[in-house]
Structure formats: structure tokens, C-alpha cells
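Protein chains: 2
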Amino acid sequence: MSVVKGNAIVGQSGGPTTVINQSLVGVIEAIAGVPEIGHLFGARHGVKGILGEQFVDLKGISKDTLSAVANTPSAALGSVRKKPTREECLQMFEVMKRHDVRYFFYIGGNDSAETANIVNTMAQEADYELRCFHVPKTIDNDLKVTDHCPGFGSAAKFVASAVRGDDLDNRSLPGIKIDVVMGRHAGFLTAAAALARVRDDDGPHLIYLPERPVTREQIRDDVAAVYQRLGRCLAVVSEGVVDAASPNGQPLGESIKHEIAHLIELADKGGAGVPQEAFNVVRLIGGVECDAHGNIQLSGSGVLGDWLAGYIKKELGGKLRVRADTFGYLQRSFMGFVSEIDAHEGRMVGRKAVQFALGSDSDGSVVMIRQPGCDYSIEYSRTCLANVAKETKSLSDACIAPSGHDVTQAFLDYARPLVGPLAPAGWLV
Amino acid sequence: MSVVKGNAIVGQSGGPTTVINQSLVGVIEAIAGVPEIGHLFGARHGVKGILGEQFVDLKGISKDTLSAVANTPSAALGSVRKKPTREECLQMFEVMKRHDVRYFFYIGGNDSAETANIVNTMAQEADYELRCFHVPKTIDNDLKVTDHCPGFGSAAKFVASAVRGDDLDNRSLPGIKIDVVMGRHAGFLTAAAALARVRDDDGPHLIYLPERPVTREQIRDDVAAVYQRLGRCLAVVSEGVVDAASPNGQPLGESIKHEIAHLIELADKGGAGVPQEAFNVVRLIGGVECDAHGNIQLSGSGVLGDWLAGYIKKELGGKLRVRADTFGYLQRSFMGFVSEIDAHEGRMVGRKAVQFALGSDSDGSVVMIRQPGCDYSIEYSRTCLANVAKETKSLSDACIAPSGHDVTQAFLDYARPLVGPLAPAGWLV
Chain A
38 MSVVKGNAIV GQSGGPTTVI NQSLVGVIEA IAGVPEIGHL FGARHGVKGI LGEQFVDLKG
98 ISKDTLSAVA NTPSAALGSV RKKPTREECL QMFEVMKRHD VRYFFYIGGN DSAETANIVN
158 TMAQEADYEL RCFHVPKTID NDLKVTDHCP GFGSAAKFVA SAVRGDDLDN RSLPGIKIDV
218 VMGRHAGFLT AAAALARVRD DDGPHLIYLP ERPVTREQIR DDVAAVYQRL GRCLAVVSEG
278 VVDAASPNGQ PLGESIKHEI AHLIELADKG GAGVPQEAFN VVRLIGGVEC DAHGNIQLSG
338 SGVLGDWLAG YIKKELGGKL RVRADTFGYL QRSFMGFVSE IDAHEGRMVG RKAVQFALGS
398 DSDGSVVMIR QPGCDYSIEY SRTCLANVAK ETKSLSDACI APSGHDVTQA FLDYARPLVG
458 PLAPAGWLV
Chain B
38 MSVVKGNAIV GQSGGPTTVI NQSLVGVIEA IAGVPEIGHL FGARHGVKGI LGEQFVDLKG
98 ISKDTLSAVA NTPSAALGSV RKKPTREECL QMFEVMKRHD VRYFFYIGGN DSAETANIVN
158 TMAQEADYEL RCFHVPKTID NDLKVTDHCP GFGSAAKFVA SAVRGDDLDN RSLPGIKIDV
218 VMGRHAGFLT AAAALARVRD DDGPHLIYLP ERPVTREQIR DDVAAVYQRL GRCLAVVSEG
278 VVDAASPNGQ PLGESIKHEI AHLIELADKG GAGVPQEAFN VVRLIGGVEC DAHGNIQLSG
338 SGVLGDWLAG YIKKELGGKL RVRADTFGYL QRSFMGFVSE IDAHEGRMVG RKAVQFALGS
398 DSDGSVVMIR QPGCDYSIEY SRTCLANVAK ETKSLSDACI APSGHDVTQA FLDYARPLVG
458 PLAPAGWLV
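These protein sequence lines are chains A and B, in that order. Under the working numbering, the first residue of the first sequence carries the number 38, and numbering increases by one thereafter. Under the working numbering, the first residue of the second sequence carries the number 38, and numbering increases by one thereafter.
A hint or two may mislead.
Listed below are the simulated PhoX-like cross-link pairs for lysine-lysine, each with C-alpha atoms no more than 20 angstroms apart in a straight line [unchecked claim]: (1) 306(A) to 119(A); (2) 96(B) to 119(B); (3) 120(B) to 356(A); (4) 85(A) to 356(B); (5) 119(B) to 356(A); (6) 356(B) to 120(A); (7) 85(B) to 356(A); (8) 85(B) to 42(B); (9) 119(A) to 120(B); (10) 120(A) to 85(A); (11) 306(B) to 306(A); (12) 119(B) to 427(B); (13) 427(B) to 181(B); (14) 42(A) to 85(A).
Taking beta-carbon pairs under 10 angstroms as the criterion, some of the chain B residues facing chain A (in silico) [to be verified]: (15) 42; (16) 51; (17) 65; (18) 106; (19) 165; (20) 211; (21) 341; (22) 353; (23) 361; (24) 363; (25) 370; (26) 385; (27) 427; (28) 431; (29) 433.
To be clear, the hints were calculated from the coordinates, so they are not data collected in a lab. For clarity, every value in this text was computed on a predicted model and none was experimentally measured. Yeah, the Cβ is synthetic: ideal placement off N, Cα and C, and Gly gets one too.
Next up, chain A with everything else stripped away, as it sits in the complex (with noise of 0.2 angstroms):
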């Protein structure tokens, strides 16, 4: 089998992490050095760029250049959150056929992972030689059969970073707090948030995942139950808690922006006594949208930890400090302070792509595969486009605590080496 001869495309998609330029980055060095591809054309904006040929040569560029976007957050040729319908797949083929591309690097989610296996499946029915490869990354770290993904790591540690943080701030001057972290349907990044532990009492007291769907009143008592003990209560609940009081099993934030939309509907019915404008405010406050692909977004609106600390402190009693913040695109984008082995694996995820696009005959995502033993080291796989398309993964029950609001040792020891050190804390009470 030899390497087949052509151009190359890699796109990003998606949003993004702090860590997905080095993946793009791996990519570009590792075609570099190969003669047969002639050029690498970086799409702007993912599949955006593809369709209206929007492209970068990535091609000679410095190390020095290549080195610091390796360093900087975001997608560094632009992301989209489009997921291309298959009319669209097919004039994105066409695109790649005029342009005599034979490589196709798409760095994203599952939704990405997708986008590449449509694609695959063309080009093959085309009998067009097209090696489609999905470069993982994502926050929320809820790809099918890779251990975990790059960009999951140096958003946790940033979670952790700044709960550990906050539970100090919450020992200065106690309280409750609630800490709402992103993550629609996979826990990974609010579980996060138990490295930040370092002494018995330590928070986060309560961790609510989208795993273990619990009642408004359920996290009222727990909340109470830690206030009782130890005086104060640091809670951090996932942007995608499920409302275990929902027919329908939507997200705690769902159901509140629901009361919401209920109030406004109730008042343009009727609602004599109150003027129309009144109403205004809470119109604008509980905006609710929807994405590209039909999901709802909740994502870093701060509705979901303000509606819990209202609630929170007018069932608790007023004299309580309740207060919340929604860590928001933070995660996701903070300059400066990645996960060193996220940094890394995700250079590798890129670089691993290109060596298995050249060395075999098939498509394929690039997994991470933990080996056994004491230290933590990783093997890169491929598996099919396939497996890694559409579904996604959550928490599993070893992960996660019989309470139902807390993770185990098994997640931490999971977790602790994807994040590497958190800063120490030092006390003198």
C-alpha cells in the first residue's frame, strides 16, 4: 500500500477549547514533511469554508508561528456550529474532487465525527479515494470509545481551579454557593470540580450531574443537611441537571425557563392589572433558544443558578448568603491556563490523524486508549468514523457516588492525571 497523492483539508468545529489549535497544529506538522501532499488547505470556519471554498494554505508556515497558535485558545481558522445537511456533504465532496483532495481532517465533536463518516460513505460510493479522519476534542469529554478527550482537561482543570478557589473564598465568609458548570448531557466537567478537595471538609459539598436526575426540593435538603454541618455549602451543579420532577426528563434549567415562558403565555392571554410591557423584563431574561441541531441552550445564562439561589434562600430562610455564578465560556477559552498532557495529547490526536490517514487504506477517529499500570500513559488508536458519530457517553455508575450527589475515588483517579497538579493551598486554622 502506498501513499496516495494529493491535497489535504482540516477543519475545525464546533466550540472551541483551549487545547484544539494544537490539534490543528499536529496536523499541519506531520503533513509538513510529506512530499505527496501538496497543499494543506485550512478551511475557515469548518464546513462553512469548505462549501464556499474559504481556504488558508497552511503550507511553510514558521515554527514560530505554528508554536505560539499551538499556545492560544479557540479555533485559530475559525469554528461553525453548522452540521451540513447531505446535500451539503455531497457538494463539500465536490469541492474536495476539484481541489484533488484525498485527505479530510475534521477536528470536533461527535457531530463532527459525523459530518467525516457522511462524507466517507460519499466518497466511497464515488469509489474516490478520501481518507476521512475525525480529530476529537471536546469539553465535555463525551466521545464514544476514546478514554478521554483532548480539551476535557484543561477545562477541568480550570473547574477545579476555580472551585477550590471559591471554597476558600466560601470559608472567608461563609455561606452557599452554587457554582453552575457547562456540560448538557455528560457530567465529566461538573464531576471535575471534586479535585478541587483537599481536606475532609473541603467543597465541593454537593456535585449534581446530568447522570442522576434530582427534584428542586431534593437539593433544597442536601443543601440544608451541609449548612447544618458545617456551616456554610459549596454546590456545584451541572448546566444539564435533569428535573427528576419532569414528565419528560428535561434539564432543571429547561423547567424553569419553562415557568417563565408559562408566566408570559398566561399573560398574553389575559392578564388584566398587568400592563403587557410589564412583562418585558422577563421576556428578555428568559430567552430561550434553540441550535443548528435542535438542542436547546442553557449553556452559561445565568438563569439556572440565579432561579437556585433565589429558591434556595427563600425556602432556607432570608437571612442566609446564597449567591451564584455560572463559570460560562471561561471554560472553554481562559488564556493561559491549560492542562500540560491535555496541551500534549492534544498536539498528538493531530499529529496520530495524519500518520494513520497515511498509513492505511481507511477512515477513522483517533482514540486514546489507557494502558494498565501505576503511571498514567496513553497508546493512540483509530476506530471507524462510525463509532465515534452521533452518540455520545456519560459518566458511568463507577463514576459516580450511591448518594447520587457526589463522584468516587474511581473518577478522581480517572480525572487527577488529565488536569495534572492544582496549585497547593496552605492553612493556618
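Place chain B on chain A using the hints.
Below, chain B without anything else, positioned relative to chain A:
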């Protein structure tokens, strides 16, 4: 003049910072070598610990422990939001006399300086020799006399790094982004977001400060103009930005909360057709609190950001991506990300307070005086407590651009040395 023999108290007050423990350790270190000071009592939770005589013995602590504590965010002795009454100051003074306390170091903002000032006056009136010193800290950077305050540089570094990362994120997935930064009255921390810029079209593109009242319509128009020009916009808004349409000059966040309160009031009065329970969700989200000093608490609540995002989205057309993040407590507590110069100066003001207290016969607050010349350098001095107590300062006109929604080069020159270098960024396009 000889050093007065006796004991010392040190306490921490107000919102913690990431370097307030540097100042505490500075005090502890400087006192360790003073034989005339027998005990150094660490007051738990500031004035609360003095009133309740909850003390920690701070002499003889190992260097390693002190070093770890110095590098730990938050108040290691615990903090307090309490502003003591005159009566309580008298009680504190009685406690000090009973414990033969001759030195009182209080680390905090201007309210802490006022507390120290009241106690100092009482001691003078009673002809009791007591050296009261205020050690400055505040992320708001709003203390009078001093060039700047320990705590600001690290918070500013956090904000600038967060905004730099967020701006890169916004380049990747263009849209309108609003970041809400702490600072009720002074815009220093919000202004520090400007340090994030490297290239001409980098964000933040708009900076709204408490010092320049603005209407919601003006924000909308400014954002629309930037979006028109760049296809994206990153605006940074102080939580204390003043609503120019409000007759009493209240913050915009408060105007929004008053709109919520107004809706609920109307609902309470009538609202036939809309059941009262339907309004509960709004009651919880819009919760408005006052702190012990009578300030309305807006800090960290997501309502201002969420409302602004909803407002801009509605006004500029429903298809735009508009999102808000509120940075919240992370600005003052994030672990492992301090400004080096800020950490150093935090330590120094603690040490200097002790030196000044031992070397003179008056009260004081430590001030930092920036030396003229090209290289950044600071001389430490003292001023009377009365000069720092009660009143605060704001950004000077020279720091604010004529547009009212940006800073000047003078501000950048002022702030850059306090923050230190940010992580460099690299670009492909």
C-alpha cells in the same frame, strides 16, 4: 522614641482577594522578629473574631506553612462583611485593653480603614497607646491616596486573560458577547479588560464603566455599529454601570431589578387571569439583596448580563448569536493565577504596616507611591487612616476615552505593570 511593648492583633475584612494572605503573612513575618511584641493574635473573621475573642496564635508558624498560606487565595483567618457600630468598636477596644494589645492591623478596603480609624480615635481619647494600621486590599482598586491596591493586579490579570480568551472564542464563532465584570462604583477592573487587546480588531470593542452613565439604547447602538463593522462584538460591562435614563443615577442592573419588582408589584395588586404562583419564578430570579453596609448587591448575579443579551438580541434581530457571561467570584478567588507583582506588593504592604507601626507613634494606612521614570517602581509610605476611610476613588477622566466606552493609553500604561505579561497569542488568519 522606643517600640511599645505589648501584643498585636491582625484581622482580614471584606471580599477576599487572591493576595490578601500575602499581606497577612507579611504582617506575621515582620512581627516574628520583634521581641517587644509578645503575642500576635489572628482574629477569626475580622471584627467578629475580636468581639468574640476568637483568636489564633500566629507566632511560631513554620516558614513552609506561611509560604503556602501566602500563595493561597481568600482570607486564611476568615473574613467578615460587618461594619462595626461605635458601640462595637468600644467593645473591641475593651478586648484589646484586656489583652494588652498595642498594635492592631486590619487588612481590607476603605470600610476596614474606617473601623481602624474609629478604634484609633477611641484609644487616643482614652490615652491608651495603640497603633492602628490599615493594610490595603481590594480588587476594586478604589482606595484613596495609594497609587493602586494589592488584589487589583491579580483580579485584573484574571479579567484580561478571560477577555482575551473570550475574544478569541468570539472570533472562532462570531456573534455578540457581553462580559459582566465586578466593580460597583469604580471601573478599574472593567477597564483592565482593555489589556486583552493585541491586534487592532481585538476585543473588547466596547467597555462600559460606572463612571460614564449610558442608556440601554446607546449600548444597543454601539454594539450594532461594531457588529456592522466586524461581524462580531465583544462588550465588557461593569456590574455597576449607571443607567443614564434613571433620574437618580442608579446602576442599569438595578433598573432591571426594579422592573422585575414593578412587575411583581403589579401582579400582587391585581393581575386577574394570571395566577400568583406563576410569578414565583420571577421572584426567585430577580432577588435583590442589601449588604450590611446598605449597598445593593448586584455582584455576580447573572440578571444584568442575561437581560442585556436578551435586549440586544431582540432589538438587533432574532438570528444573532448573543450571549452573556458574568465573571463573578472567580475574579477574586481563582486559584493559581496571580499577578507576580501583585503578590509581591501584597506581601510588602503587610511588612510595611508593621515597620511603620514600630517606627512611629501614629496610626496609618500603607500607601504605594509610583516613582517617576520609565521602569515601574513603588515606594511605600503611610497616610492617616482618616484619608483612606469612608470615601473611595473612581477612574480619573484621563483614563477614560472621549467616547465614554473605552479607556485611554494612560490607563493602559497605569495598569499594565500591575498585571504583568499575559500569555501570548498566535494567529493563522
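Evaluation of the provided hints:
With a CA separation close to 36 angstroms, the supplied pair residue 306(A) and residue 119(A) exceeds the 20 angstroms bound. Straight-line distance between C-alpha atoms of residue 96(B) and residue 119(B) comes to about 26 angstroms, which puts the hinted pair past the 20 angstroms bound. Taken as a hint, the residue 120(B) and residue 356(A) pair is honoured in the structure, with Cα atoms around 17 angstroms apart against an allowance of 20 angstroms. For the proposed pair residue 85(A) and residue 356(B), the alpha carbon gap of about 17 angstroms is at most 20 angstroms, so the pair holds.
A distance of roughly 14 angstroms separates the Cα atoms of residue 119(B) and residue 356(A); the hinted pair therefore holds under the 20 angstroms criterion. Only pairs whose Cα atoms come within 20 angstroms are accepted, and residue 356(B) paired with residue 120(A) is accepted, the gap being roughly 17 angstroms. Taking the CA atoms of residue 85(B) and residue 356(A), the gap is about 17 angstroms. The hint holds against a cut of 20 angstroms. Between the alpha carbons of residue 85(B) and residue 42(B) the distance comes to roughly 25 angstroms, so the proposed pair goes past 20 angstroms and is violated.
The straight-line distance between the Cα atoms of residue 119(A) and residue 120(B) is roughly 54 angstroms, outside the 20 angstroms bound, and the hint therefore fails. Between residue 120(A) and residue 85(A) the alpha-carbon distance is near 10 angstroms, which keeps this suggested pair within the 20 angstroms criterion. Distance restraint check for residue 306(B) and residue 306(A): the Cα-Cα separation of roughly 18 angstroms lies within the 20 angstroms cut-off, and the hinted pair is therefore satisfied. This hinted pair checks out: residue 119(B) and residue 427(B) have alpha carbons roughly 14 angstroms apart, not beyond 20 angstroms.
Restraint check for residue 427(B) and residue 181(B): the C-alpha separation of about 10 angstroms stays at or below 20 angstroms, so the hint holds. As the CA atoms of residue 42(A) and residue 85(A) are separated by approximately 25 angstroms, the hinted pair breaks the 20 angstroms bound. The criterion of a C-beta within 10 angstroms of any C-beta in chain A is not met by residue 42(B), whose closest approach is roughly 25 angstroms, and the hint is violated. The interface hint given for residue 51(B) is met, as the beta carbon of that residue sits about 9 angstroms from the closest beta carbon of chain A, less than 10 angstroms.
Look at residue 65(B): its Cβ gets to within about 9 angstroms of chain A, closer than 10 angstroms, so that hint holds up. Taken as an interface hint, residue 106(B) checks out: its beta carbon lies about 4 angstroms from the nearest beta carbon of chain A, inside 10 angstroms. For residue 165(B), the shortest C-beta to C-beta distance to chain A is roughly 28 angstroms, which exceeds 10 angstroms, and the interface hint is violated. For the restraint placing residue 211(B) at the interface with chain A, the shortest Cβ-Cβ distance is roughly 8 angstroms, inside the 10 angstroms limit, so the hint holds.
At about 9 angstroms, the closest approach between the beta carbon of residue 341(B) and any beta carbon in chain A falls short of 10 angstroms, and the interface hint on this residue holds. Among the interface hints, the one on residue 353(B) is violated; its C-beta lies about 13 angstroms from the nearest C-beta in chain A, farther than the 10 angstroms criterion. For residue 361(B), the interface hint holds, the least distance from its beta-carbon to any beta-carbon of chain A being 7 angstroms, beneath 10 angstroms. For residue 363(B), the shortest C-beta to C-beta distance to chain A is roughly 6 angstroms, which falls under 10 angstroms, so the interface hint holds.
For residue 370(B), the suggested interface contact is upheld, since its CB lies about 4 angstroms from the closest CB of chain A, less than 10 angstroms. Because the closest C-beta pair between residue 385(B) and chain A is about 19 angstroms apart, greater than 10 angstroms, the hint is violated. Restraint check, residue 427(B) versus chain A: the minimum CB separation of about 22 angstroms is more than 10 angstroms; hint violated. Interface hint at residue 431(B): violated, since its Cβ lies 25 angstroms from the closest Cβ of chain A, which is beyond the 10 angstroms cut-off.
Residue-level restraint check for residue 433(B) is violated (minimum Cβ-Cβ distance to chain A is 28 angstroms; threshold 10 angstroms).
Comparing the model with each earlier hint shows violations of hints 1, 2, 8, 9, 14, 15, 19, 22, 26, 27, 28, 29; every other hint is respected.
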